Amino acid sequence: SAVISQKPSRDICQRGTSLTIQCQVDSQVTMMFWYRQQPGQSLTLIATANQGSEATYESGFVIDKFPISRPNLTFSTLTVSNMSPEDSSIYLCSARDLTRAFFGQGTRLTVV
Amino acid sequence: GNSVTQMEGPVTLSEEAFLTINCTYTATGYPSLFWYVQYPGEGLQLLLKATKADDKGSNKGFEATYRKETTSFHLEKGSVQVSDSAVYFCALSDPESGGSNYKLTFGKGTLLTVNP
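These protein sequences, in sequence, are chains E and Y. Counting with the numbering used here, you get residues 1 to 112 for the letters of the first sequence. Counting with the numbering used here, you get residues 1 to 116 for the letters of the second sequence.
Since the hints were made in silico from the structure, they are not lab data. Remember, predicted model here, so these are calculated numbers, not experimental data. Virtual Cβ for every residue (Gly too), placed ideally from N, Cα, C. Misleading hints may appear alongside valid ones.
Stated by the list, open to error - Here are the in silico distance ranges between beta carbons for each label pair:
no., chain 1, residue 1, chain 2, residue 2, range
1, Y, K68, E, G60, 26 to 32 Å
2, E, G52, Y, S83, 29 to 35 Å
3, E, N72, Y, Y39, 25 to 31 Å
What the hints assert, rightly or not - Away from chain E, derived, C-beta distances all over 12 Å, residues of chain Y:
no., residue
4, E42
5, G109
6, N115
As the list claims (entries may be wrong) - In silico BS3-like cross-links for lysine-lysine, where the CA-CA straight-line distance does not exceed 30 Å:
no., chain 1, residue 1, chain 2, residue 2
7, E, K65, Y, K56
8, Y, K52, E, K7
9, Y, K68, Y, K52
10, E, K7, Y, K68
11, Y, K68, Y, K49
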């Protein structure tokens with residue numbers, strides 16, 4: 001099974017600033033994803049991180065707000081840009097090999 | 001589109017009590033169904049899964065049966081332990097709507113607390 005390291009684990013940020021979350025997988029995986037879990041809500045898929053090309057965003061999410069990089073098979077970053085209090089949430093990195101999905105511990109973001 | 005409706009929590013039980021967490025789904029194709037668990041301070045972990053109708057997934061004493069006729073995948077355990085205290089997420093993966101991407105659609109999660 002794959003182990004995912006995600007950092008930071010939590011942060012408190014000022015509105016208008018940006019935060020970059022890093023996700024490192026300890027083995028090569030086929031797919032990497034970014035999810036958001038707002039308070040009291042289910043996990044919502046933000047985008048699929050594609051190696052060496054632009055991420056594929058779900059409805060309601062755009063690259064300008066959530067730029068994503070995936071320079072290789074084991075690493076990805078998600079940036080939350082120009083933050084507002086509505087962006088306060090848990091952000092989760094996920095990776096998938098041929099048989100199953102794995103998740104990081106999440107980044108708890110609070111925007112003040 | 002796909003959706004997962006999960007029993008609202010929190011659920012509080014005494015040790016050795018019987019647990020049921022209800023989960024129903026809506027999907028465009030023939031999804032695979034999953035239960036994930038998140039223990040305090042840890043990431044989501046796959047608890048069990050079922051890939052076709054009438055399959056029963058089981059792990060650590062937990063069971064769930066894929067019921068296509070009722071579009072349900074209820075999680076059960078006959079005797080819970082304090083160590084089962086966690087958040088449980090029902091999820092589906094529907095290749096019909098996502099190609100080979102196998103994106104997961106999650107329920108809202110149910111917090112289970114088991115008291116000694």
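Structure-based check of all given hints:
Distance hint for Y:K68 and E:G60: a CB-CB separation of about 30 Å, consistent with the stated range 26 to 32 Å. Between E:G52 and Y:S83, the C-beta spacing of about 42 Å breaks the proposed range 29 to 35 Å. Between E:N72 and Y:Y39 the CB atoms are about 30 Å apart, so this pair conforms to the stated range of 25 to 31 Å. Distance check for Y:E42 against chain E: the nearest CB is about 6 Å away, which does not clear 12 Å, and the non-interface claim fails.
For Y:G109, the condition that its CB be more than 12 Å from all CB atoms of chain E is violated, with the nearest at approximately 7 Å. Even its closest Cβ contact with chain E, about 23 Å, leaves Y:N115 beyond 12 Å, as expected for a residue assigned away from the interface. For a cut-off of 30 Å, the pair hint linking E:K65 to Y:K56 is broken: about 41 Å separates their Cα positions. This hinted pair does not check out: Y:K52 and E:K7 have alpha carbons roughly 36 Å apart, beyond 30 Å.
Using a Cα cut-off of 30 Å, the hinted pair Y:K68 and Y:K52 holds, with the two alpha carbons roughly 8 Å apart. Among the hinted pairs, E:K7 with Y:K68 is inconsistent with the structure: their alpha-carbon atoms are about 39 Å apart, more than 30 Å. Only pairs whose Cα atoms come within 30 Å are accepted, and Y:K68 paired with Y:K49 is accepted, the gap being roughly 14 Å.
Of the numbered hints given earlier, the model fails hints 2, 4, 5, 7, 8 and 10; all others are met.
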